Amino acid sequence: MSNGIKILFGAVLGVLYAACGLLQVVQAIFGTMESLEALFIPGNIFSGSVLLVIGTVFLTGVRKLSIGTEEGMPFIYVGILFSVGIGLVELLALCALGADAYLVGEWADWSAADAVNPLLYLAVIGVLGLLAWGKEFFRGARAA
Amino acid sequence: MTREIRIALTGNPNVGKTTLFNALTGSRQHVGNWPGVTVEKKTGKVSRNGCEFEVVDLPGTYSLTAYSADEVIARDFILDEKPDVVVQVVDATNLERNLYLTTQLAELRTPLVIALNMADMAEAQGNPIDYRKLSGFLEIPIVRTVGTRGEGLQDLLDAAVKEAKTSPHHEHTIGYGNEAEEMIAKLTDPLSADRTLSGKYPLRWLAVKLLEGDENVLAKVRGGAASARVQSILSSINSDEYEATMADKRYEAIAAILPQVHRTNTRGTTFSDMVDRVVTNRYLGIPIFLALMWGAFELTFTVATPFMTVIDTLTVWLAEFAVASIEPAWLGSLIGDGIISGVGAVLIFLPNILILFLILALLEDSGYLARAAFIMDRPLYALGLPGKAFIPMLIGFGCNVPAIMATRSIESEKDRLISILVNPFMSCSARLPVYVLFAGAFFGAHAGGVMFFLYVLGIAVAIASAKLFRSTILPGEVSPFVMEMPPYRLPTAMTSLMHMWSRGSMYLRKAGTIILLGAMLVWALASFPYGVEYGSAESFAGMLGHLVEPLVAPLGFDWKVAVALIFGFLAKEVVVGSLGVLYGAGEESLTDALFADPSLSAATALALMVFVLLYMPCVAALGVIKKETGSWKWTGFAVAYGIVVAWVLAFVVGHLAPFFIGGA
Amino acid sequence: MEGTCPLALLAAGTEAKVTDVRAGRGMQARLLGMGFCPDARVTVQCADRGSIIVSVGDARYALSRGIAMKIFVGIAKGSA
Numbered sequence: 000m001s002n003g004i005k006i007l008f009g010a011v012l013g014v015l016y017a018a019c020g021l022l023q024v025v026q027a028i029f030g031t032m033e034s035l036e037a038l039f040i041p042g043n044i045f046s047g048s049v050l051l052v053i054g055t056v057f058l059t060g061v062r063k064l065s066i067g068t069e070e071g072m073p074f075i076y077v078g079i080l081f082s083v084g085i086g087l088v089e090l091l092a093l094c095a096l097g098a099d100a101y102l103v104g105e106w107a108d109w110s111a112a113d114a115v116n117p118l119l120y121l122a123v124i125g126v127l128g129l130l131a132w133g134k135e136f137f138r139g140a141r142a143a
Numbered sequence: 000m001t002r003e004i005r006i007a008l009t010g011n012p013n014v015g016k017t018t019l020f021n022a023l024t025g026s027r028q029h030v031g032n033w034p035g036v037t038v039e040k041k042t043g044k045v046s047r048n049g050c051e052f053e054v055v056d057l058p059g060t061y062s063l064t065a066y067s068a069d070e071v072i073a074r075d076f077i078l079d080e081k082p083d084v085v086v087q088v089v090d091a092t093n094l095e096r097n098l099y100l101t102t103q104l105a106e107l108r109t110p111l112v113i114a115l116n117m118a119d120m121a122e123a124q125g126n127p128i129d130y131r132k133l134s135g136f137l138e139i140p141i142v143r144t145v146g147t148r149g150e151g152l153q154d155l156l157d158a159a160v161k162e163a164k165t166s167p168h169h170e171h172t173i174g175y176g177n178e179a180e181e182m183i184a185k186l187t188d189p190l191s192a193d194r195t196l197s198g199k200y201p202l203r204w205l206a207v208k209l210l211e212g213d214e215n216v217l218a219k220v221r222g223g224a225a226s227a228r229v230q231s232i233l234s235s236i237n238s239d240e241y242e243a244t245m246a247d248k249r250y251e252a253i254a255a256i257l258p259q260v261h262r263t264n265t266r267g268t269t270f271s272d273m274v275d276r277v278v279t280n281r282y283l284g285i286p287i288f289l290a291l292m293w294g295a296f297e298l299t300f301t302v303a304t305p306f307m308t309v310i311d312t313l314t315v316w317l318a319e320f321a322v323a324s325i326e327p328a329w330l331g332s333l334i335g336d337g338i339i340s341g342v343g344a345v346l347i348f349l350p351n352i353l354i355l356f357l358i359l360a361l362l363e364d365s366g367y368l369a370r371a372a373f374i375m376d377r378p379l380y381a382l383g384l385p386g387k388a389f390i391p392m393l394i395g396f397g398c399n400v401p402a403i404m405a406t407r408s409i410e411s412e413k414d415r416l417i418s419i420l421v422n423p424f425m426s427c428s429a430r431l432p433v434y435v436l437f438a439g440a441f442f443g444a445h446a447g448g449v450m451f452f453l454y455v456l457g458i459a460v461a462i463a464s465a466k467l468f469r470s471t472i473l474p475g476e477v478s479p480f481v482m483e484m485p486p487y488r489l490p491t492a493m494t495s496l497m498h499m500w501s502r503g504s505m506y507l508r509k510a511g512t513i514i515l516l517g518a519m520l521v522w523a524l525a526s527f528p529y530g531v532e533y534g535s536a537e538s539f540a541g542m543l544g545h546l547v548e549p550l551v552a553p554l555g556f557d558w559k560v561a562v563a564l565i566f567g568f569l570a571k572e573v574v575v576g577s578l579g580v581l582y583g584a585g586e587e588s589l590t591d592a593l594f595a596d597p598s599l600s601a602a603t604a605l606a607l608m609v610f611v612l613l614y615m616p617c618v619a620a621l622g623v624i625k626k627e628t629g630s631w632k633w634t635g636f637a638v639a640y641g642i643v644v645a646w647v648l649a650f651v652v653g654h655l656a657p658f659f660i661g662g663a
Numbered sequence: 000m001e002g003t004c005p006l007a008l009l010a011a012g013t014e015a016k017v018t019d020v021r022a023g024r025g026m027q028a029r030l031l032g033m034g035f036c037p038d039a040r041v042t043v044q045c046a047d048r049g050s051i052i053v054s055v056g057d058a059r060y061a062l063s064r065g066i067a068m069k070i071f072v073g074i075a076k077g078s079a
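Protein chains in written order, with numbering that gives the first Met the number 0: chain A, 0 to 143; chain B, 0 to 663; chain C, 0 to 79.
Hints are computed from structural coordinates only; laboratory data are not their basis. The reader is advised that the hints may include incorrect statements.
The calculated PhoX-like cross-link candidates involving lysine-lysine, where the alpha carbons are at most 25 angstroms apart (straight line), are [as the list claims (entries may be wrong)]:
#: 1; chain 1: B; residue 1: K626; chain 2: B; residue 2: K40
#: 2; chain 1: C; residue 1: K16; chain 2: C; residue 2: K69
#: 3; chain 1: B; residue 1: K632; chain 2: B; residue 2: K413
#: 4; chain 1: B; residue 1: K185; chain 2: B; residue 2: K44
#: 5; chain 1: B; residue 1: K40; chain 2: B; residue 2: K413
#: 6; chain 1: B; residue 1: K248; chain 2: C; residue 2: K69
#: 7; chain 1: C; residue 1: K69; chain 2: B; residue 2: K413
#: 8; chain 1: B; residue 1: K185; chain 2: B; residue 2: K164
#: 9; chain 1: B; residue 1: K248; chain 2: C; residue 2: K16
Here the structure is a predicted model, which means the values were calculated and not measured.
Could you build the full structure based on these sequences and the hints that come with them?
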């Protein structure tokens, strides 16, 4: 019944991503809400949209799986890949901006916290999924 | 004692032929053009055991009919130039289709060796090929190769040498069925009477081609001794049917051999297919793609920043050093202010471009980009553009030069022309310095939004232009989209880096030549007549500006802007450099100088950016357009169209902007 | 095996056998070279939008709707 775990995983990540995405987009339109700053959810329409897309991929997979078709599996896997991939992008961006701050001499003023956002930390959960099911996925869902 | 052997490299598209070619020839390559066509011709050299090999990379084709320039080039080369050996690169994971080409090559009766490439992937899939057995069946030597790891190359060359020396060559015949064989026999008789033909080409091959209705061969036969008899025989048959039947027979013959050399698997649905279901999903397809693009741009702009800072600091330091320490003063100024600053302004964006191209190369080599082209095909089709124009448009965001060259994959001439004409509207990296400067000076915190607007505007103009061309000067239907989807693979660092470099180096070359000249030219025009204040209205540059000023006055531009725009013709990066010279300001102060200039407002700044976005392609891009279209007419059109569109839109934007900018 | 229908109309997962290709000369030759010849087994992989991705042997091709309408197949099995 490992399927059950995957569905749960997909559902949790799907909801988290979609929610953060929604919050980011809403803030971008209506202005930042202080309570969310503590959770490191800035207002940004672009990264918000990306969060929404990843969330939708997960949720679509969950929906398909709940109807009973195997078709939903790839969605969860692709969602995980996406989550980890974009998380990596954010990590590299963070390092680059830090390096730049150092070079320009503003190291003291810069704080990594400025660059932290859901795309970065939700990916940590994604990595768990990758470690758990990565091999299974890449060996190929050969069974037609 | 060295012997020279000429190898022709052929094979299906996507079999790793280019990787193999690179692995064999390394840096000893030369890229040119096949005469009369805009198809790229690559030749290279490699030596082994005292033998020099010349390797000619023929275009990748699925078969050897006469319907595309690629195929005709490939087979004409084999038949007319008679290379010592033909090496067909075969994809071990796709044997059935690859062998189709093999049957056709065998009919050419040329010395043939097969390089069974991607053997590692076939083995990883648990489906190794018994190539010795296959070789026995086909009577063709087969060498196992892995292009990406450089395995099997030496054996390949050895086999080539051996095959080149062997003669005569067996004729591999595929039985085409009684009816067809009868016709072939009927045709070979009169054909043998034509001495020129029979001396040059294998008779059976000629007969087979004639039965298939091959226009090219038909033309060769006409006017010869066999013409009349051949034509009377052909008039009684339906070549369409024969073509299909004979193709069928070829596949039958292949199907008979295959099960004996590997586990024929109906591969069913694979990992690639599962991912495809997600990625091409009707609703998620485009959002996923956009999300990936966002990731790509985010990565490009952030990771490039520290590198840009380093290059910037170096350039400034170097320039100051040059001005301060080189005698005489004018030379110091030329080298420092002119050359170093000018070229530096370009090099600063090199990290940007290289990273973007690397990401694109990774996406392409992994196989995803083919899916993206598939997803975008429908929307593009509705806009009058072929789906295959998609990748060139993406590349255009880095630099239009390799982008326009990438349109070669579009088969239809008209489609290709339209794609080439609209490509310059994709905002290339060269225009970034202008945006950064003006958006930064006049729009402060909203600079990012303004730049985004410009990129979108570029895309919108490209689309509208495509539609316009489609309905007026280049009418016709967009040709159908047929594209192979290679299986997803993990891209190798080496291949992707080389890929990135082949495109990125074009940008560097541009910097090293055109921009260098441009920087010197700007400096010269700004320094003379002798004794004049550097970059003032009395210099030649100033005079030029005043001359052109009336043309751009309605847009709100003054003579300084006019001069900068003229120099921008050389390369758009030069615009910023020229402005720096004309305002007598260095990097930081230029922003302030511009802001302080009474003739420039936020609205005119916006109009200026729009103008730079749209007005004609730079010299380098024009050069490529001329080369790829082979026509001055269209190149001139690109220039004229660009200027007109730029002027009109800049005018509109400049006058409408105040209404929107007011509050912000 | 019932009557034949164009490839474009099949759902994802359907397996079929090519009966004939009714395209212009050039396109026909290309399709033949790619593997779309009579009696070839094909499987539709993705059919979410007008154009499709179809597998022939070990290769995968994306075909626009127009081309897919010109390739006629007979259905070997029911769709998934």
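For each hint, the structure was consulted:
no., hint, verdict
1, K626(B) with K40(B), "14 angstroms, holds"
2, K16(C) with K69(C), "14 angstroms, holds"
3, K632(B) with K413(B), "15 angstroms, holds"
4, K185(B) with K44(B), "44 angstroms, violated"
5, K40(B) with K413(B), "23 angstroms, holds"
6, K248(B) with K69(C), "22 angstroms, holds"
7, K69(C) with K413(B), "23 angstroms, holds"
8, K185(B) with K164(B), "33 angstroms, violated"
9, K248(B) with K16(C), "16 angstroms, holds"
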